[in-house]
Structure formats: C-alpha cells, structure tokens
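Trainee: So the sequence lines, in the order shown, correspond to chains A and B.
Just so it is clear: in the first sequence, position 121 is 121 by this note's numbering, and no numbers are missing.
Just so it is clear: in the second sequence, position 159 is 159 by this note's numbering, and no numbers are missing.
A couple of the hints might just be wrong.
Said to hold, decoys possible - Some, not all, of what chain A presents toward chain B, calculated at C-beta under 10 Å:
(1) E68
(2) S86
(3) I90
(4) N97
(5) F122
(6) M161
As the list claims (entries may be wrong) - Restraint ranges, calculated between C-beta atoms of paired labels, are given here:
(7) N137/A with S259/B: 50 to 60 Å
(8) L334/B with P27/A: 29 to 39 Å
(9) V104/A with G340/B: 50 to 60 Å
(10) S320/B with T26/A: 31 to 41 Å
(11) P201/B with P51/A: 53 to 63 Å
(12) P27/A with A167/B: 41 to 51 Å
(13) P43/A with P272/B: 16 to 26 Å
(14) D251/B with E126/A: 40 to 50 Å
(15) R414/B with E126/A: 52 to 62 Å
(16) P43/A with N415/B: 37 to 47 Å
(17) K85/B with E29/A: 20 to 30 Å
(18) E283/B with P43/A: 41 to 51 Å
(19) E29/A with K168/B: 49 to 59 Å
Hints in this document: simulated from the structure, not taken from any laboratory.
On a predicted model such as this, the values are computed, not experimentally measured, just so you know.
Where a beta carbon is used, it is the ideal one built from N, C-alpha and C, also for glycine.
Spelled out, the chains give:
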Amino acid sequence: MKKGRVWKYGDSVNTDVIFPGKYTYTPMEPDEMASHVLEDLDPEFASQVKPHDVIVAGRNFGCGSSREQAASCLKYAGVQAVIARSFARIFFRNAINQGLPVVVSEKAQDQLNDGEKVEMDFNKNEIVTKSKRIAFNPLPESVQKILDAGGLIPYTKQKIMNGK
Amino acid sequence: MGKTFSEKILSAKSGEDVRAGDIVTVSPDFILSHDNSAAIIKKFKLFGKDRVKNPQKIVIVLDHVTPASSEKYAQNHKEIREFVKQQSLPHFFDINNGICHQVFTEQGFALPGKLVVGADSHTTSYGSLGAFSAGIGRTEAASVWATDEIWLKVPETLKIDLKGELAKGVYPKDVILKIIGDHGADRANYKAVEFTGPAAPRFNFSSRFVLCNMAAEMGAKNGYFPPDQAVVDHLKNLTKEGIDPVYSDKDACFEAVLSYDISEIEPQVACPHTVDHVKPIREVEGLVFNQGLIGTCTNGRLQDLKAAASVLKGKKVHPSVRVLVVPASRSEYLKALDQGIIKVLVEAGCVILNPGCGPCLGAHQGVLAPGERALSTANRNFKGRMGSRDSEIYLASPATVAASSVQGKICDPRNHL
Chain A
1 MKKGRVWKYG
11 DSVNTDVIFP
21 GKYTYTPMEP
31 DEMASHVLED
41 LDPEFASQVK
51 PHDVIVAGRN
61 FGCGSSREQA
71 ASCLKYAGVQ
81 AVIARSFARI
91 FFRNAINQGL
101 PVVVSEKAQD
111 QLNDGEKVEM
121 DFNKNEIVTK
131 SKRIAFNPLP
141 ESVQKILDAG
151 GLIPYTKQKI
161 MNGK
Chain B
1 MGKTFSEKIL
11 SAKSGEDVRA
21 GDIVTVSPDF
31 ILSHDNSAAI
41 IKKFKLFGKD
51 RVKNPQKIVI
61 VLDHVTPASS
71 EKYAQNHKEI
81 REFVKQQSLP
91 HFFDINNGIC
101 HQVFTEQGFA
111 LPGKLVVGAD
121 SHTTSYGSLG
131 AFSAGIGRTE
141 AASVWATDEI
151 WLKVPETLKI
161 DLKGELAKGV
171 YPKDVILKII
181 GDHGADRANY
191 KAVEFTGPAA
201 PRFNFSSRFV
211 LCNMAAEMGA
221 KNGYFPPDQA
231 VVDHLKNLTK
241 EGIDPVYSDK
251 DACFEAVLSY
261 DISEIEPQVA
271 CPHTVDHVKP
281 IREVEGLVFN
291 QGLIGTCTNG
301 RLQDLKAAAS
311 VLKGKKVHPS
321 VRVLVVPASR
331 SEYLKALDQG
341 IIKVLVEAGC
351 VILNPGCGPC
361 LGAHQGVLAP
371 GERALSTANR
381 NFKGRMGSRD
391 SEIYLASPAT
401 VAASSVQGKI
411 CDPRNHL
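Using the sequences provided together with the hints, build the complete structure.
Mentor: As structure tokens, this is what we get:
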C-alpha cells in the first residue's frame, strides 16, 4: 500500500472543471492531459499532485459530460483513488473502465482532512490513516473484475482472446 | 409485482428475468458516437481486432466542432471518415446533418423498445420516443464496437407525474428546470426517469425531447415518456419497422413519484454554475448579459425557433447583446426557412450558425471572454463551459432568451408575447 495525501473538494465536482470541454476533442498524450486536471476547480492541483494521492469529495462527483478524460486525466496525474459520497453514473463507469478505483463513502469527507496522509487497503476495503480506519463497501463482483484487469481494454482483450 | 419500462427492456434483451439493481450483459440495438469517434477508433485499435463486430449498429454523426475549426479537428474528422469507409459503416452522417441526438431521432433509429447506448451524456433523449437510451464512455463504446455487448445495471425508476396545462409564455424547458431545481442535479443518479400523468399527452415529440434530454442533468441513466398515438404516428413516417411500444406495468415498483401541476410553473432560469441552481425569472430579472444562444439539442427544433421568432418579430436585438441561433438539424433548419422563421430572426439581428453543437461546449463559434455572461437555451451551465472560467452561463427557454435579447437584460417573456 502506498501513502498519498488527501485533496478535499465539495459536492458536484463536474466534468468541465475536471477536464475542460475545450480540450475534449483535441487528442492529447497522457502527460498533457494530466497537466489540465482540475484546471477550472483548483489551478494548483495539476502541478502539486503526487503519485498515490487521493481525492475526497462530496455528492455527485463527475456529474455532467460523458467525457472519459475526466477519469483518465486523474489516473494519468497519479491519483490512486477517488472517494466520494456519491458518483455521477457515467463518470463511475468511465473510472472503472480506465482502471481508476472509485470508492463510495458517506464518512470519508467528514473524517478526513485536506493534506492528511492516507493508504487505500483494497483487500480489507478500508481507508487507513495514522489514527483511523474507514470501511467501505466493495464493488459488485462483475465490475471489480474489470478494475482488477486494469480497465476495460485489457479486460475486453482477454475476452476476445478467449473466443468471445 | 409488475415491471417498469426499463426492467422489461433489459429483461427482454438479456433473456433473464431482471429487476432494478441487477447487472446484465446485453447487446444494444444501436451505438451512437460523434466527433469523439476519432478517440473511440484509437481505443478500438487497442483491442487488436480488424473489423467491428456489427457495422449495422454503429451510428456516427459529426456535430461537435463542425465544420472543423482547426487542423487538429480536421484531422479528427478525416480519421473518422476513413474508418467509416474502411469498415463500410452504413450509418454515417457528415457535418451537414445536425446534432447527433436530433439526427438519430430523425433517421428512425430511436424506436419504442429499442436499447441504445451512446458516447454522449445526452443520449437520454431517445426516451422521448419510447427507447431505452443511456450515455456511456469512449472506451466502452470501443468495446461495444468490438464485442457487440455491454454491462448495464438495471435502474430504479423515478416517476414524475405531470398534470395541468402550461400557462402562456411557459415552456417545457421551464418545467424541467423547475424539477431539477427542486430536487437537485443528483436526484435521479443511476435512475430511469419516467414522465407521465394527465399532462403527458400534451407534450409533443419536441417537448418530450427537452425533458428527456435534460433528465441527464438530474443524473438519470435514461429518460422516458410512454409513447402515445401521436408519437406512434410520428414514427410511422420515419420507419418501415413495426412499432411496438413498451410500457411500465401499473403495479411496477417505483423508487418515488414526484407530482407537478405544471399550470403553476412560471418561467425559470438556471443560474451559474450548476443546472440545479434554479430561480424563478422574477428573481433574476434585470441582469444584463452579452450573448444569447438559441438552439442546441435541448432547444433547437422548429417549435423553439418559432417561439423565439414570435417574440423577435418586428423587433431588434439590443445593441449590447449578440444572439446566436443554432438549429438542431438541417431538417429543422429547412422547416424554419420554409416558414419564414429564419428571416424574422436574421432581420432582428440574430446570427444563424450551421446546425451542430456550436458554442454550447465552448470549442468554437462564440466562446465567452472573461467577465462575460451568456443566456442560453442549452442544457449545461458549468463554469468555463462556453469559454473563460471567469464567464457565466444562465439557462432558460427560447422565449426567455429571445425576449431578454431585445431588452438587453433578463426579462419575463410573458410581458413580451
């Protein structure tokens, strides 16, 4: 398990502030995408985020557009997981399909502080800090399989190889 | 216990008896994408397959940045056209057709009981014609191209019961803004939203489209109006296929029922920077703005352009405002031309753009400078969506945008009809 810092945000962090619409139809390499992550919400984030950092937010994270870059730019920026009270449906799918772990937790936003160090224990389904452990529900099995494979591309490739 | 519309369709498609909460693997009837097809093609190539599994099911409409505004966008379009040719995809619509959701419905792909997935969040729109349609991401669109299947969770259904009659100057856009404002942008997260009740038959196809389109702004997986005879007759002109509507059972299990007497609704405005930040127009009247936008997949059909023209006829757009009009499709544009609506709009000082997404997502054709404010008929007002992150977007009905554009400030359209 790798330690990362908590970046805390509020409710309804939408896809336009995660990855602005003006870039969505411009092909970009992962590094360039990562350089625009959360650009219209927290302009400091892209330059300061470190591998294994964790985003903790409120309700309806990722609402808005179906743009997949909203999930992939977070992954490319090194974000280990996004923890929120709830996720918008398409963002939730996109995150899993990109191999970015998404964790639904009612408690995390209240119990974790901005800047705090956390570890994600996906075996025990717990968020771990120096002083506490916050349990979360695992994903449905069929969905977890996609995440475990590293995302939908490796998962589907496997399926095609197996003759599907 | 009976089943909802969504439970019935996903049961039929999966061959299993499923209920809300179950996860199914299904083969959709159609898969829609637009300019993002270039990105989907790149993902598709990662699967190592030469051919898409079922070319008949793939619908591609170029609409987001059309005509191409830069070399990069031009390259995107070129790669899409080449792929369409190489894969012999029969359902490709180039830049001269209009917005994907409108074109999809005009071409007779959106039929009652069909299962549609689309790489665009407003794919929810086809429930206006009784289809089950949900937005998905690019990688999963590529995966559907390759495998002809996708996993979906069977949604719970939120029922919205509409009764009464809209007052003059109040439109379907005001109804859906009111509902979203009352219940929040995540009220219908993961859910199907079924619009029903005694007022439903008074919503024609175009009006149903507005509500199903904006169901996405409540977080919905799909929106749905039970098809009535008018919808069935409308579809008979578009397709030779048999039309077999699917309806929720009377004893189906609904997550909740929200009831609205629409005769009590007044014009509404969604304020920055979320679609659920909705106020009655009287609370924002007098606010000056720089750019009006009439059109988009939400409000770019004939009846919307007509509503705007009825306000603008014989009047002039205020000198401090610029007004952009984007018909939803070539077909709607032609109807508006035939009826003299475009002439009225041009005479009033509006700028007519080609059918497409236009400035709605801030990529071209009228982006906002820092400090500017737009009043738009689109479906989203997120920070920075139409340009600068220091600009603001207010959302309203076409009549509200038209009346306000004459005054140069937000005003109640009921005083200008």
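Trainee: With reference to the structure, classify each hint as holding or not holding.
Mentor: Going down the list of hints, with the structure as the test:
1. E68: Holds - the Cβ of E68/A comes within 10 Å of chain B, reaching about 4 Å at its closest.
2. S86: 6 Å, holds
3. I90: 5 Å, holds
4. N97: Holds. Min distance 5 Å.
5. F122: F122/A check fails; min Cβ-Cβ to chain B is 20 Å, beyond 10 Å.
6. M161: 9 Å, holds
7. N137/A with S259/B: 50 to 60 Å: 33 Å, violated
8. L334/B with P27/A: 29 to 39 Å: 34 Å, holds
9. V104/A with G340/B: 50 to 60 Å: 54 Å, holds
10. S320/B with T26/A: 31 to 41 Å: 33 Å, holds
11. P201/B with P51/A: 53 to 63 Å: Since the Cβ atoms of P201/B and P51/A sit about 57 Å apart, the hinted range of 53 to 63 Å holds.
12. P27/A with A167/B: 41 to 51 Å: About 48 Å separates the Cβ atoms of P27/A and A167/B, which means 41 to 51 Å holds.
13. P43/A with P272/B: 16 to 26 Å: Holds - the Cβ-Cβ distance for P43/A and P272/B, about 18 Å, lies within 16 to 26 Å.
14. D251/B with E126/A: 40 to 50 Å: At 42 Å between Cβs, range holds.
15. R414/B with E126/A: 52 to 62 Å: The hinted range 52 to 62 Å holds for R414/B and E126/A, with Cβ atoms some 57 Å apart.
16. P43/A with N415/B: 37 to 47 Å: 42 Å, holds
17. K85/B with E29/A: 20 to 30 Å: Holds - the Cβ-Cβ distance for K85/B and E29/A, about 27 Å, lies within 20 to 30 Å.
18. E283/B with P43/A: 41 to 51 Å: 31 Å, violated
19. E29/A with K168/B: 49 to 59 Å: Taking Cβ atoms as reference, E29/A and K168/B lie about 54 Å apart, which means the hint holds.
Hint compliance for this structure: hints 5, 7 and 18 are not met, and every other hint is.
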